[in-house]
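Colleague: Since the structure of chain A is provided, determine the placement of chain B on it from the hints.
From first to last, the protein sequence lines stand for chains A and B. Mapping the first sequence onto numbering that gives the first Met the number 0, position 12 (from 1) lands on 11, and the numbers just tick up by one. Mapping the second sequence onto numbering that gives the first Met the number 0, position 13 (from 1) lands on 12, and the numbers just tick up by one.
Don't read these hints as lab results, they were simulated from the structure. Any given hint might turn out to be false.
[To be verified] Straight-line alpha carbon distances no greater than 30 Å define the calculated DSBU-like cross-link-like pairs of lysine-lysine that follow:
id, chain 1, residue 1, chain 2, residue 2
1, B, Lys-263, A, Lys-74
2, B, Lys-139, B, Lys-27
3, A, Lys-36, B, Lys-277
4, B, Lys-239, A, Lys-263
5, A, Lys-270, B, Lys-203
[Claimed, not checked] Example chain B residues on the side facing chain A (calculated, C-beta under 10 Å, incomplete):
id, residue
6, Glu-124
7, Ser-184
8, Ile-223
9, Lys-239
10, Leu-253
11, Val-278
Note that CB positions come from ideal geometry on N, CA and C, so glycine has one too.
There are 2 protein chains.
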Amino acid sequence: MKNIFIIGCGMLGSSLLRRIYIKKLAKKIFIYEKSKKNIKKIRKLKLPGVIVERPQEAVSQSELIIICAPMNEYKKIILNINKSLTSKHIITDIGSSKLKSIEIIKKNLKKNISWIPSHPIAGSEVSGPENGKQSLFENKWCVLIKNNRSNIKHLKFLSSFWRKMGSKIVIMSAEKHDKIFSITSHLPHLIAYNLVKSAQDFEKKQKFNLLKYSAGGLRDFSRIAASNEIMWRDIFFDNKSNVIKAINLFTKNLNAFKNDIYSKNNKSILKKLIQTKKVRSKIIKLKLDVNKPDFGRN
Amino acid sequence: MKNIFIIGCGMLGSSLLRRIYIKKLAKKIFIYEKSKKNIKKIRKLKLPGVIVERPQEAVSQSELIIICAPMNEYKKIILNINKSLTSKHIITDIGSSKLKSIEIIKKNLKKNISWIPSHPIAGSEVSGPENGKQSLFENKWCVLIKNNRSNIKHLKFLSSFWRKMGSKIVIMSAEKHDKIFSITSHLPHLIAYNLVKSAQDFEKKQKFNLLKYSAGGLRDFSRIAASNEIMWRDIFFDNKSNVIKAINLFTKNLNAFKNDIYSKNNKSILKKLIQTKKVRSKIIKLKLDVNKPDFGRN
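Pulled out of the complex, with its shape left as it was, chain A reads as follows (with noise of 0.2 Å):
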């Protein structure tokens, strides 16, 4: 049994304090959260833990530090905690991109500390204490990044730690990581965030009252549109080069459905289509979804 010191508490850090104090499985718990705001709803939903004022007041107390805030605050709390650390912490961050947060973790970390990145698939579009839930990572996917230098057995412990979870391991390179979620993830995020806008143009030309007809596929669109923009513009950011190759191969695609589309072109849009529908038997049968209508909403 460690102390844990969870950095960050929103919806991830929160559902990580819940699962930890409910499965038992830290002495004490720390949680250092920057948003005064946050920390009110803390307070209010009396979520355990002990609350911390500095990031660095924690450190030598704690085994196990769980960085769970966005990756623009990484540097200022690196430098924060570096003083205390020793070879022994067990350093994690849950961010969703990992080359450029290694990047950051690297040139300000200081020396002969392991630390190894973890990123659970666990978002939704909701953020904020309030919003957490012990069984959140329940059945989900944490990726766990690993190169030559990692420490096998902080990899082990944490490996563990996310088992006690909830998750199901998955171990690999952050490149390997950027690369693939550059296009389950992030861009499908942007593709969201792109259709809302446009539809929000369209409706602003046309004079149209638009949303009243959501229902017919916009809607599932609004969801990730509504993710919060200070996470996902430091994806969109962090894990750039990804993210433009996505927009390339996405666009190159889009154009050859326009041309389908003007040519009324029947063979090669049907085999599309037919195609597409395949991805969607295969996640049900991965157990990834919800096997019903519409996500069951209805």
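Modeller: Same frame as chain A, but now just chain B:
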């Protein structure tokens, strides 16, 4: 109480059938269904109604005719039933693009026959009579199309009919309908198909197993991209000019997003990400989607 004839008994047609039967809205319900596979299903499901072998058989015995077949079947159906139609028949269809369907109707329907197009916003990714349900139209919008020559008596009858199906009614021109739905429904579907296609291309090239990580956003798109390919090919082709305009607006905005990312334009990207968030709150306020994170899936 009238006799009702449903031509095409897939997901939507069979939902009408179930509702009409439960609400006792017809003395007799006739069904024509082209697909032998679907007829087998209808029999196995013991759905009510009299199945006729050719669409012309039930016309003279019916007062209300509802076409629930794919748009590319309209011409054939009209030519088949034309002879038996009278000015007293109340005729509607449920197709998703209206200017093109009206063009087909005008070209083929014999003179002085009234036809009021309908569009219930109740589609989903599943099709076939086994996926119909009597509550499908509950609290959903149903668009009725009106022009200068619309038979107002029939329009009123159909408004009342759709209300009995559970729908809320809105009346507009075919031009307006096709513009609105090119943005709220046709573009989102095309974009979802295109995103899934891009993920498939990426997977093939990189030889990564992507789907495992689809919970980060991709899985949402996979649901829409599993929609019926014949229906959607028809919609994209039939509403071609509006869909192409929508693609162009989308592409213009996507290029702007790409530039923001490329140049790390913090101000510009944040403005958009904050702006798009508002659409979700409006949709929730209008009760057009469930007010639960992640559609309440987990």
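Colleague: Take the hints in turn and mark each one as holding or not.
Modeller: Evaluated hints:
{"no.": "1", "hint": "B:Lys-263 x A:Lys-74", "verdict": "18 Å, holds"}
{"no.": "2", "hint": "B:Lys-139 x B:Lys-27", "verdict": "26 Å, holds"}
{"no.": "3", "hint": "A:Lys-36 x B:Lys-277", "verdict": "21 Å, holds"}
{"no.": "4", "hint": "B:Lys-239 x A:Lys-263", "verdict": "9 Å, holds"}
{"no.": "5", "hint": "A:Lys-270 x B:Lys-203", "verdict": "16 Å, holds"}
{"no.": "6", "hint": "Glu-124", "verdict": "6 Å, holds"}
{"no.": "7", "hint": "Ser-184", "verdict": "3 Å, holds"}
{"no.": "8", "hint": "Ile-223", "verdict": "6 Å, holds"}
{"no.": "9", "hint": "Lys-239", "verdict": "6 Å, holds"}
{"no.": "10", "hint": "Leu-253", "verdict": "5 Å, holds"}
{"no.": "11", "hint": "Val-278", "verdict": "5 Å, holds"}
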